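Colleague: Each chain, letter by letter, is given below.
2 protein chains.
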Amino acid sequence: MKTLFKNGSVINVFTDSVEKKNVLIEDSIIIGVGEYDDSDADTVINISGKYICPGLIDGHIHIESTMLTPAELARVCLPHGTTSIVADPHEIANVCGSYGIAYMLEMSENIPMHVNIMVPSCVPATPFDESGAILNAENLAPFYKHPRVLGLAEMMNYPGLIFGDESVIEKVKSCRELGLHIDGHAPLLTGKDLDKYVSYGIYSDHETTSADEAKERISKGQWIMIREGTAAKNLDALMPIFEEPWCRHALLCTDDRHPADLIKEGHIDHIIRLAVKKGVNPIKAIRMASYQAAQCFGLNKVGAVAPGYNADLLIVDDLNTMSITDVYCDGIQSVKNGVTLPIKDPVPDLQMSKAVRFSFNMPKLKVVSFMIPEIGKKKCRVIDVIPGSLLTNELIEEIDFDNGKNGIDVDRDILKLAVCERHQSTRHVGLGYIHGIGLKNGAIASSISHDSHNLIVIGTNDKDMIKVANHIRKISGGLAVCVDGEIVASMPLPLAGLMTDKPAAVIAEQNEILRKTVKDIGVNEGIEPFMNMAFVSLPVIPSLKMSTQGLIDVNKFQRVDLVVGE
Amino acid sequence: MKTLFKNGSVINVFTDSVEKKNVLIEDSIIIGVGEYDDSDADTVINISGKYICPGLIDGHIHIESTMLTPAELARVCLPHGTTSIVADPHEIANVCGSYGIAYMLEMSENIPMHVNIMVPSCVPATPFDESGAILNAENLAPFYKHPRVLGLAEMMNYPGLIFGDESVIEKVKSCRELGLHIDGHAPLLTGKDLDKYVSYGIYSDHETTSADEAKERISKGQWIMIREGTAAKNLDALMPIFEEPWCRHALLCTDDRHPADLIKEGHIDHIIRLAVKKGVNPIKAIRMASYQAAQCFGLNKVGAVAPGYNADLLIVDDLNTMSITDVYCDGIQSVKNGVTLPIKDPVPDLQMSKAVRFSFNMPKLKVVSFMIPEIGKKKCRVIDVIPGSLLTNELIEEIDFDNGKNGIDVDRDILKLAVCERHQSTRHVGLGYIHGIGLKNGAIASSISHDSHNLIVIGTNDKDMIKVANHIRKISGGLAVCVDGEIVASMPLPLAGLMTDKPAAVIAEQNEILRKTVKDIGVNEGIEPFMNMAFVSLPVIPSLKMSTQGLIDVNKFQRVDLVVGE
Numbered sequence: 001m002k003t004l005f006k007n008g009s010v011i012n013v014f015t016d017s018v019e020k021k022n023v024l025i026e027d028s029i030i031i032g033v034g035e036y037d038d039s040d041a042d043t044v045i046n047i048s049g050k051y052i053c054p055g056l057i058d059g060h061i062h063i064e065s066t067m068l069t070p071a072e073l074a075r076v077c078l079p080h081g082t083t084s085i086v087a088d089p090h091e092i093a094n095v096c097g098s099y100g101i102a103y104m105l106e107m108s109e110n111i112p113m114h115v116n117i118m119v120p121s122c123v124p125a126t127p128f129d130e131s132g133a134i135l136n137a138e139n140l141a142p143f144y145k146h147p148r149v150l151g152l153a154e155m156m157n158y159p160g161l162i163f164g165d166e167s168v169i170e171k172v173k174s175c176r177e178l179g180l181h182i183d184g185h186a187p188l189l190t191g192k193d194l195d196k197y198v199s200y201g202i203y204s205d206h207e208t209t210s211a212d213e214a215k216e217r218i219s220k221g222q223w224i225m226i227r228e229g230t231a232a233k234n235l236d237a238l239m240p241i242f243e244e245p246w247c248r249h250a251l252l253c254t255d256d257r258h259p260a261d262l263i264k265e266g267h268i269d270h271i272i273r274l275a276v277k278k279g280v281n282p283i284k285a286i287r288m289a290s291y292q293a294a295q296c297f298g299l300n301k302v303g304a305v306a307p308g309y310n311a312d313l314l315i316v317d318d319l320n321t322m323s324i325t326d327v328y329c330d331g332i333q334s335v336k337n338g339v340t341l342p343i344k345d346p347v348p349d350l351q352m353s354k355a356v357r358f359s360f361n362m363p364k365l366k367v368v369s370f371m372i373p374e375i376g377k378k379k380c381r382v383i384d385v386i387p388g389s390l391l392t393n394e395l396i397e398e399i400d401f402d403n404g405k406n407g408i409d410v411d412r413d414i415l416k417l418a419v420c421e422r423h424q425s426t427r428h429v430g431l432g433y434i435h436g437i438g439l440k441n442g443a444i445a446s447s448i449s450h451d452s453h454n455l456i457v458i459g460t461n462d463k464d465m466i467k468v469a470n471h472i473r474k475i476s477g478g479l480a481v482c483v484d485g486e487i488v489a490s491m492p493l494p495l496a497g498l499m500t501d502k503p504a505a506v507i508a509e510q511n512e513i514l515r516k517t518v519k520d521i522g523v524n525e526g527i528e529p530f531m532n533m534a535f536v537s538l539p540v541i542p543s544l545k546m547s548t549q550g551l552i553d554v555n556k557f558q559r560v561d562l563v564v565g566e
Numbered sequence: 001m002k003t004l005f006k007n008g009s010v011i012n013v014f015t016d017s018v019e020k021k022n023v024l025i026e027d028s029i030i031i032g033v034g035e036y037d038d039s040d041a042d043t044v045i046n047i048s049g050k051y052i053c054p055g056l057i058d059g060h061i062h063i064e065s066t067m068l069t070p071a072e073l074a075r076v077c078l079p080h081g082t083t084s085i086v087a088d089p090h091e092i093a094n095v096c097g098s099y100g101i102a103y104m105l106e107m108s109e110n111i112p113m114h115v116n117i118m119v120p121s122c123v124p125a126t127p128f129d130e131s132g133a134i135l136n137a138e139n140l141a142p143f144y145k146h147p148r149v150l151g152l153a154e155m156m157n158y159p160g161l162i163f164g165d166e167s168v169i170e171k172v173k174s175c176r177e178l179g180l181h182i183d184g185h186a187p188l189l190t191g192k193d194l195d196k197y198v199s200y201g202i203y204s205d206h207e208t209t210s211a212d213e214a215k216e217r218i219s220k221g222q223w224i225m226i227r228e229g230t231a232a233k234n235l236d237a238l239m240p241i242f243e244e245p246w247c248r249h250a251l252l253c254t255d256d257r258h259p260a261d262l263i264k265e266g267h268i269d270h271i272i273r274l275a276v277k278k279g280v281n282p283i284k285a286i287r288m289a290s291y292q293a294a295q296c297f298g299l300n301k302v303g304a305v306a307p308g309y310n311a312d313l314l315i316v317d318d319l320n321t322m323s324i325t326d327v328y329c330d331g332i333q334s335v336k337n338g339v340t341l342p343i344k345d346p347v348p349d350l351q352m353s354k355a356v357r358f359s360f361n362m363p364k365l366k367v368v369s370f371m372i373p374e375i376g377k378k379k380c381r382v383i384d385v386i387p388g389s390l391l392t393n394e395l396i397e398e399i400d401f402d403n404g405k406n407g408i409d410v411d412r413d414i415l416k417l418a419v420c421e422r423h424q425s426t427r428h429v430g431l432g433y434i435h436g437i438g439l440k441n442g443a444i445a446s447s448i449s450h451d452s453h454n455l456i457v458i459g460t461n462d463k464d465m466i467k468v469a470n471h472i473r474k475i476s477g478g479l480a481v482c483v484d485g486e487i488v489a490s491m492p493l494p495l496a497g498l499m500t501d502k503p504a505a506v507i508a509e510q511n512e513i514l515r516k517t518v519k520d521i522g523v524n525e526g527i528e529p530f531m532n533m534a535f536v537s538l539p540v541i542p543s544l545k546m547s548t549q550g551l552i553d554v555n556k557f558q559r560v561d562l563v564v565g566e
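Sequence order for the protein chains is H and B.
Each step along the first sequence adds one to the number in this note's numbering, with nothing skipped, and position 522 is 522.
Each step along the second sequence adds one to the number in this note's numbering, with nothing skipped, and position 293 is 293.
Be aware that a few hints might be false.
Any copy, or any two copies together, can satisfy a pair, since identical chains are not distinguished.
No farther apart than 25 Å at their CA atoms in a straight line, the calculated lysine-lysine pairs in the DSS-like style are these [to be verified]:
id: 1; residue 1: Lys145; residue 2: Lys173
id: 2; residue 1: Lys215; residue 2: Lys278
id: 3; residue 1: Lys196; residue 2: Lys556
id: 4; residue 1: Lys2; residue 2: Lys20
id: 5; residue 1: Lys50; residue 2: Lys278
id: 6; residue 1: Lys301; residue 2: Lys196
id: 7; residue 1: Lys277; residue 2: Lys264
id: 8; residue 1: Lys301; residue 2: Lys377
Quick caveat, the hints were computed from the structure, so don't treat them as lab data.
These numbers were taken from a predicted model, which means no experiment stands behind them.
In isolation and in its complexed conformation, chain H is listed as follows (with noise of 0.2 Å):
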């Protein structure tokens, strides 16, 4: 089948410029662009006064942080012109394993986008976590034949790849060395432990928050990926990097990105749209979100309109406002006057199904799992969360353990925290008191809490408490709060405790609930309390947070007791 694409105007990459070209396309390939006309195609599509341009690549995404499964991804981004995502299930990976990241491969098979997978580098994130699964270089190593599997993602542990820890430089090298890309994340590394991570071959990375770091790291050889996403963003901070000769090694991506905006503002055509307005030529932008991120991967078949390349396009009304009215992905069209058209959700493995579906595996919760031994009034470490961040600070306050409330102050705005281990039955819970949450009655619960997900709880009172976490348990994974003993709002994450099969609006409009819910419960003016909790557990971002076996001092990365000087 051969379709004509008539009338328009192709973006060429390789020549940055705009060539009034018709495009021709058999199946999925691009097999010309040129003077063709109707007498050479099955089907004629007349494009005129339009665009037609490369489909954009995510450099580097985590699909369960927009909470859909891939295909329901799919539904939301095509619309905005990305045909091609390099994805990190390292979420889903510490939960389930390998279990997990074949989950994402056959949940990605045969959807109308192209799903990449990196292998996650680092399974648990730290030897502190207590995570589903410990993921070393020999379980990696299977992946690699995969056809989908582009590589090793972000290389977090760089203390580990400097200081010369075996297993992660075996990691390292057992990817390299099948001439697979490794993707880094190493914020601020400079100098010379910056040449010392790059020299094992970690040739991009997305944690660039400078233009000079940036330039740096361009210099030593890495791709760069201009970040844009719900928490992290970057674009401001890197606009220097879209000028010569920097703009060459970049590209762009979103890491995590809430579905709401995704739904709003749009996802890499959103990151072109901002770069634009500050005046960067909308060619230049489009060639680094396609041809440079395929180059980066070395994906050779995808990033261009050219003969031989995935007929992955996309038809622009407006070059400037990256107004995107139809998507083909491999020559079939996806989406229509700005509309996805259907997707049949891939059916994965039922062994595979019930690992990800029943990942709860703990007893049930009783009033005295979260109980602190009455030991009086003490001096004790709280952790402080701070607006708009995801770093926490360490409050020395008094705690009266005996005041009938096991030391919560809902006065103080001192809460109860609970992290508890759901992979392996351990019964391991984490307690202590968390500020700055502010919430006056009931109790929060999720199962997205950062690197390990296990569950965690914040709450005003302990039945509460209770009751919020088992629902999250017995429904097996999501979003909740309790309120008198009744659970007022909930959003189910089924898959893994991290994912739903529900389609984006429904996960929007769960969400726009529970914001509404916990505001109306007290929740302090800049506190998004779930994105803030589901921080209070990764123990590499400063300064005191919760694991399952208690209080970890980040600075100091190690375990500290919640009453100081025991």
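Chain B: place on chain H using the hints.
Modeller: Here is chain B on its own, set in the frame of chain H:
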């Protein structure tokens, strides 16, 4: 072992800049570029006032055309800064088949130059060829597993692809499925035919002879190799390709280069020098000849002075003259003050060595072998060589077969030509006449006759022709001159009849003697008889050529009789 190069200026191919930085290497890998000092290294090399730049890459070369073994080629090319080549063993494969490819791989193992191999796509070159082997997709497949095999070499059979020859498509597809590179060879192909050709995934070409042709190719996604060899010189015509944006998809190559030219003028450094003389920024030319060549072929560890890259380094006195003093390959010094350090010749497997060294499989020729039936005077097709060109004309001349010299007429410069099948003992001999060589007596013979490398002979009398042909047979290949029954000059090429096991200097000297000798026996001005002879058997360059089974009309692409009208 850590070595520090200090006080030099580093050529940065990512940023197009020169940076005053020190370079630290550990064994074969660059581990740092920055403010390192003596305390970081075991050995310190002061390169004050000099430049340090990545080793140069020849994007397309036939080692056999240099008549040298890979190790000897390395000895010649290393002082010119070549640390990597991409070689197509097309010639030896036409003689020895898979053994020939395997031999070139073995003979280039562990030498201080990266010899990357592209497997030959067209063995035999045409259906008229009686070659030493037929290589189908299934014969090529095993080689793709070799770490130094990068893909499929110059796909000359573009009509085959365009008109859908299944066996040709199979070769291309099986390479592309592995994600490997396919190199092109499609001179003057343009428009829709070029689209069709490129759409098979053929993303480079070295046969581009004009800037417009190059620009069309680049706009369709091909990398352009700017070729400057011994016979084919395209630099002048392609100078506009050194401009942006074209230069971003261009690299340099030599294709076929005579050893005397390599010694006298240089290799890729010579092309850079020529370009710089014409006003090209040397940093750009170096970038094209290093990083970009690596990008074209998907080589991810060569082509830059950056952490993680192979320590393939050139120490250069002056960028404009590319005066290279020292060369390091994989961190080991291979050239010191312009002189190549000793290289150990690889010792090939005995079986393989036999196949290559005893490549002549033909019975001894007798006087009768070259006899054409004495049928009186007839109008005949005569090959007319053109000085300075590989093209030939077809002359129609009256030949008197009964003139006592079996039609040879030295006064009219009509000499006898024989192409003797030498691979399968078929006793096939193509016989006819050639005009324009100018020999007054004696005969010359060669085992270099493209692309099947049968034994080709031109002479003023049958006796000398038989003598010189049997001499070549006896020495298992080479070039020779016979006068009055005596071999007066000879260049033995015992390796497949194509290469010597002697040093380049010996070949250069023997070559000088051959040139002088043919001059003495009357060769015409502007004729390099062995060069012209080497292409008289190649039925893809118009107009009239000679095969082992008689004359070929190249334009009609069919066999024709010697006598007109028969």
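Colleague: Does each hint hold? Answer for all of them.
Modeller: Checked hints:
no., hint, result
1, Lys145 to Lys173, "both (16 Å within a copy, 19 Å between copies)"
2, Lys215 to Lys278, "within (20 Å within a copy, 31 Å between copies)"
3, Lys196 to Lys556, "within (23 Å within a copy, 62 Å between copies)"
4, Lys2 to Lys20, "within (20 Å within a copy, 55 Å between copies)"
5, Lys50 to Lys278, "within (23 Å within a copy, 41 Å between copies)"
6, Lys301 to Lys196, "between (32 Å within a copy, 15 Å between copies)"
7, Lys277 to Lys264, "within (18 Å within a copy, 56 Å between copies)"
8, Lys301 to Lys377, "neither (66 Å within a copy, 62 Å between copies)"
Hint compliance for this structure: hint 8 is the single one not met.
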